[in-house]
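Participant: Listed here are the chains, written in short residue letters.
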Amino acid sequence: DAGITQSPRHKVTETGTPVTLRCHQTENHRYMYWYRQDPGHGLRLIHYSYGVKDTDKGEVSDGYSVSRSKTEDFLLTLESATSSQTSVYFCAISDSPGEGGQPQHFGDGTRLSIL
Amino acid sequence: GEDVEQSLFLSVREGDSSVINCTYTDSSSTYLYWYKQEPGAGLQLLTYIFSNMDMKQDQRLTVLLNKKDKHLSLRIADTQTGDSAIYFCAETPLNDYKLSFGAGTTVTVRA
Chain A
1 DAGITQSPRH
11 KVTETGTPVT
21 LRCHQTENHR
31 YMYWYRQDPG
41 HGLRLIHYSY
51 GVKDTDKGEV
61 SDGYSVSRSK
71 TEDFLLTLES
81 ATSSQTSVYF
91 CAISDSPGEG
101 GQPQHFGDGT
111 RLSIL
Chain B
1 GEDVEQSLFL
11 SVREGDSSVI
21 NCTYTDSSST
31 YLYWYKQEPG
41 AGLQLLTYIF
51 SNMDMKQDQR
61 LTVLLNKKDK
71 HLSLRIADTQ
81 TGDSAIYFCA
91 ETPLNDYKLS
101 FGAGTTVTVR
111 A
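Line order of the protein sequences matches chains A and B. Quick note: the first sequence, position 22, residue 22 per our numbering, numbers continuous. Quick note: the second sequence, position 89, residue 89 per our numbering, numbers continuous.
This is chain B alone, in the form it adopts within the complex (with noise of 0.2 Å):
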């Protein structure tokens, strides 16, 4: 299967951005996809770009994809104690289901 890695992980500063990054190994056209774990929760779909973009920004996240270099970033700016959670990068081939997903970086945000 495909391989994606994260950095395990991040702290930042209340006010700050931080910028979680990731990269994957498929070089077929691609979903990549950006969840959120909170303690105890389940995952919670953040935003997904497709690899014929550079860039999509909602709100706060922009994500980021280098496509020559396989990478993905996702940040978040002006980032608040709320957003101290898990943060999970996966991708799915174009027409497929399966999810290969990071292990997952944990952001922790201090005052």
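Excised from the complex, chain A in its bound form (with noise of 0.2 Å):
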């Protein structure tokens, strides 16, 4: 399996409260990416980074930040939780797209539930 790890694996918090989720990995992978899992709508992709400090928005960015400072580590963060963040958040990565499919990697999961 691919080195990654997330944390916390569990969550609950109230509306409101900030949130940071953290994917650390060991591969040494140029993208990181963050995706939220809800039922019926498969896997959707919230923010991605392409190295340090170089980041962009996926199609569910609204809500959430993303810093990466270090090549290991991509933090995710909700400012102010809201109940439909209620939700799973799974961390990829993967190397550099064009060579042979570059498939992407994925954590745990993160279970998130915002009261």
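A couple of the hints might just be wrong.
As the list claims (entries may be wrong) - Using 30 Å as the maximum straight-line C-alpha spacing, the simulated DSS-like pairs for lysine-lysine come out as follows: (1) B/98 / B/36; (2) B/36 / A/11; (3) A/70 / B/70; (4) A/57 / B/56; (5) A/11 / B/70; (6) B/70 / B/98.
Note that these hints are calculated values from the structure, not bench results.
With the hints as a guide, dock the two chains, each given alone in a separate frame, to form the complex.
Facilitator: Take a look at the structure:
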């Protein structure tokens, strides 16, 4: 399995509080991604990073911010959590595209509940 | 973005073959992936195929690609109880990094 660690694995918090999820990789891959998984929607991309301090928005980025200060760490922050952000969040990593498909490898996920 | 569609549920008897279907819309060269998700776990890459291939086989798994109809299938031979999971089809264009996922097919293996 790819060396990807997500923390925390579970979190329950209240509406309006800030929340930060962490993804740590040991593969030295350039690309890192944050997805959310909701029933009936598959996985939807929130933000991604293509290098240290290089990030961009995905399809469902509203209400989320990210930071990448080191190759191995990619943080996802909910500045003021809302109940609609209750979801399972997955981090993924991949090497540079264009060579042999470069599939994304996923962490085990963080289950976030916002009450 | 590209659309990827899958049927939502499949029930199969243990020992039979399972066939999970997927359709996609991107007409350019593309990579197509199959991931497996067991309860409470992340997505595990099963296999992938480039759009210039028709078939790929890996042990009990066979991927078939019909480029004309933009149809992808995953066949699992001799289905076991451990194959019960959600299976996701995904695609990405060549030299791109963004994956487009289907909603996932829940496979239930019955005795």
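Participant: Of the numbered hints stated earlier in the document, which are not met by this structure?
Facilitator: Numbers 3, 4, 5, in rising order.
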